[in-house]
Amino acid sequence: MGRHWYSGKALLLHLAVVTVVSSCLLAGWWQVNRARSGNMLSYGYAIEWPVFAVVAGIFWWQLIHGRPDDAPAPPAPDTPPEPRRRREEENPQLRAYNDDLSALAAKGRPKTWRNPKGLP
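Counting from 5, one number per residue, gives the positions in the sequence shown under our numbering.
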C-alpha cells in the first residue's frame, strides 16, 4: 500500500466507506427479515441495499487508486476547431454586451448583482 492510503483525507474516506457499506449491509439484512415476515416489497430492498454497498466499494476503490500519472493523453480531435467570428459578424446585442464587459474589465471593478454595469 502506498503512503497516500494513510493521509488524513484517505483515512476519512476509509471510515466513510466502512460506515456506508456496513449500514447498507445492515439495512439489507433488516429487509430480509421483513421479507420473511410477509412484506413482499422488502424482497426488492433486500437485493438493493447490498448493491448500494458494492457501488460504494467501487467508488472507494476508484477514489483511492485514482488515475495513473503515466496514463496516455487523450488523442487530439481530427477536425480543427471552427474559426472565431469576426467582430463585424457578431450579433449587435452580443457585441454590446461584450463591449460592456470589456469596459468593466478595463475599470478593474468586478461586475456584481447590486451594481451590474460597474456604475458608482
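Just so you know, the hints here were simulated from the structure itself, not pulled from any lab data.
No experiment lies behind these values; they were computed from the predicted model shown.
We treat Cβ as the ideally placed atom computed from N, Cα and C, and that holds for glycine.
The reader is advised that the hints may include incorrect statements.
Restraint-style ranges between C-beta atoms, simulated for each label pair [what the hints assert, rightly or not]:
(1) Lys13 with Ala100: 24 to 30 Å
(2) Arg40 with His69: 49 to 55 Å
(3) Val58 with Tyr10: 38 to 44 Å
(4) Val55 with Arg88: 47 to 53 Å
(5) His18 with Asp82: 39 to 45 Å
(6) Lys13 with Ala110: 29 to 35 Å
(7) Ala100 with Val58: 31 to 37 Å
(8) Ala100 with Gly61: 36 to 42 Å
(9) Tyr10 with Leu30: 26 to 32 Å
(10) Asp104 with Trp9: 18 to 24 Å
(11) Ser11 with Arg90: 28 to 34 Å
(12) Leu19 with Ala100: 26 to 32 Å
(13) Ala14 with Gly112: 51 to 57 Å
(14) His18 with Arg99: 34 to 40 Å
To see whether the hints hold, each was checked on the structure:
1. Lys13 with Ala100: 24 to 30 Å: 47 Å, violated
2. Arg40 with His69: 49 to 55 Å: 39 Å, violated
3. Val58 with Tyr10: 38 to 44 Å: Violated - the Cβ-Cβ distance for valine 58 and tyrosine 10, about 25 Å, lies outside 38 to 44 Å.
4. Val55 with Arg88: 47 to 53 Å: 48 Å, holds
5. His18 with Asp82: 39 to 45 Å: 43 Å, holds
6. Lys13 with Ala110: 29 to 35 Å: Roughly 42 Å apart at Cβ, these two residues miss the hinted range, so it is violated.
7. Ala100 with Val58: 31 to 37 Å: The hint (31 to 37 Å, Cβ to Cβ) is violated, given that alanine 100 and valine 58 are roughly 55 Å apart.
8. Ala100 with Gly61: 36 to 42 Å: With a Cβ separation near 54 Å, alanine 100 and glycine 61 fall outside 36 to 42 Å, so the hint is violated.
9. Tyr10 with Leu30: 26 to 32 Å: Holds - the Cβ-Cβ distance for tyrosine 10 and leucine 30, about 27 Å, lies within 26 to 32 Å.
10. Asp104 with Trp9: 18 to 24 Å: Violated, since aspartate 104 and tryptophan 9 (Cβ atoms, about 51 Å apart) do not stay within the stated range.
11. Ser11 with Arg90: 28 to 34 Å: Given range 28 to 34 Å: violated, Cβ gap about 51 Å.
12. Leu19 with Ala100: 26 to 32 Å: At roughly 54 Å between Cβ atoms, alanine 100 and leucine 19 fall outside 26 to 32 Å, so the hint is violated.
13. Ala14 with Gly112: 51 to 57 Å: Roughly 42 Å apart at Cβ, these two residues miss the hinted range, so it is violated.
14. His18 with Arg99: 34 to 40 Å: 54 Å, violated
Checked against the numbered hints listed earlier, the structure breaks hints 1, 2, 3, 6, 7, 8, 10, 11, 12, 13, 14; every other hint is satisfied.
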